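Colleague: Residues per chain are reported as follows:
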Amino acid sequence: MNRGALRGALGVALLLILWEGLARGLALPSYTLPSVSEILLSAWTTRQALLTAAWFTLAEALAGYAIGCVVGIGIALLLSLLPPVRRGVMPVMMAINSVPVAAWSPLLLLWLGVGMASKIAAVALAVGFTVFLSALAGLDRVDRRAADLMRSFGAGPLSILWRLRLPTALPLIAAGMRVSTVRSLIVAIVTEMLGAYGGLGWIIYQAVVQIDFVAVWSAILVASALSLAFFGLVGVIERRVIFWRSS
Amino acid sequence: MTTRARFLPPWLMTGARFILGLALAAMLWEAAVLLLGIRPHILPRLSTILSAIAATPGAYWSGFLRTLAETLIGFAAGGIVGVLNGVLFFRAPALRDLLFPIFVVSQTIPVIAFGALVVLWFGNTMLAKAVIAFYLTFFPVTVNTLLGLQSVDPRHTALLRSFGASGRQQLLRLQLPMALPQIFVALRLAASLSLVGAIVGEWFGDTTGLGVLLLQAMYNENVVGLWAAILCAAVLGTGFYGLVALAERRILFWGAEQ
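First to last, the protein sequences are chains A and B. Take the first sequence: its letter number 246 is residue 246 in the UniProt record's numbering, and every next letter is one higher. Take the second sequence: its letter number 17 is residue 17 in the UniProt record's numbering, and every next letter is one higher.
Rather than coming from a laboratory, the hints here were simulated on the basis of the structure. Not one of these hints is a red herring.
To spell it out: a stretch of chain B is covered by chain A in this simulated footprint if at least three of its residues, at any positions, have a beta carbon under 8 Å from a beta carbon of chain A; those stretches are:
1) 98-111
2) 182-196
3) 220-228
Since this is a predicted model, take the numbers as computed values, not measurements. For glycine and all other residues, C-beta sits at the position ideal for the given N, C-alpha and C.
For reference, chain A alone in the conformation it holds in the complex (with noise of 0.2 Å):
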């Protein structure tokens, strides 16, 4: 382990026993701020609870990932084809974008009812306009002179793509996509608390009015360390694929 990870390490670690020692020492009730290993206990306690709404939300975060990068990618990658198309269409996608997501999810809910469809729907709109965009950015950074090299070799607009335009533009994709993996769970929760029939943020909110703080914080420690894992694992498939990324 190298200096800074160790630093990391001692931080989080110092984090954790200021906490501890804080909610312990002042004696803070649980609602203001339960201890950390209330908070771990409680967890444990409830793990099968927590286990089945986290399953539930990660399957609804991954939906809606999915969809999003494939309908992201696709139409970014259709609009740097027909340039006419694009700038018909781009306006619309601005002003789609320029309403926080949070605005959309009562509509979805409105239309696709309370179950999973509607929180896949809002994880593929959030997904979908991040990964989108960063692919419309990646795609437009390629070089004009490497495009006209291949064009005068005989290539065409797909060869063109594939050849030149995807991989050039491969780096800026994938940084979409991870930033994308944290905000694809937080928007699954956002959304299910606002309706839903199970997942975490449903905990939360039920939490919430039953005014049980530790297992909202319980719930938040599950839902962080899905984001951690989330992240890190796109995060290890970006580098084994992305191999001639520069910096």
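Based on the hints, put chain B in the right spot on chain A.
Modeller: Showing chain B alone in chain A's frame:
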């Protein structure tokens, strides 16, 4: 370029094109709903939505102002703390190693859960909503400030130091200005995020604000009201984003795009 374009100031041209685009989009919306027979449950006509806003302008206006205030406070606090954090982390790498992982973990906490805690801590006040907006914005600004400061050519810093510039002078005259393009990229993102924070924060039983209007419309299955609130949020989001982008263009007059 046409000859007329040269006599009109560019901002007027941009403004005219913007208004023209808006009018076109409004007509398209209206026509699409009428011609394609889209059910009002999915997408009501724009005129219906606008007349709904005109019927009770007070509710929308006060909601708009309330959410705007929360967004602005959260954004300002997040921006200032983010830049200070970035500078601090740049100056003290040990501190950066110590705290950065905690910051990263903090960003994986879903806003909604964090919101519940903040509302409990600060009460159901405007401050609580601003704190949520702050929580969403400070991290991207911190990261980009740090990145921007780190990308300054060390030879430039060495040159300044050789002229006897103090650490503070190096920071204010060279490093921060060089980092500004990166910082503004984060500020633009933060403009959108702070609005999300304000709206979500209002979901915890507030009485005014765009987030409240959204929730009320959802519970009443009032699609027109929902669209009206979405429209207000879009105007607020676009306007604020535009302001930050404008400030960016004014302040970065040397045109250091990336």
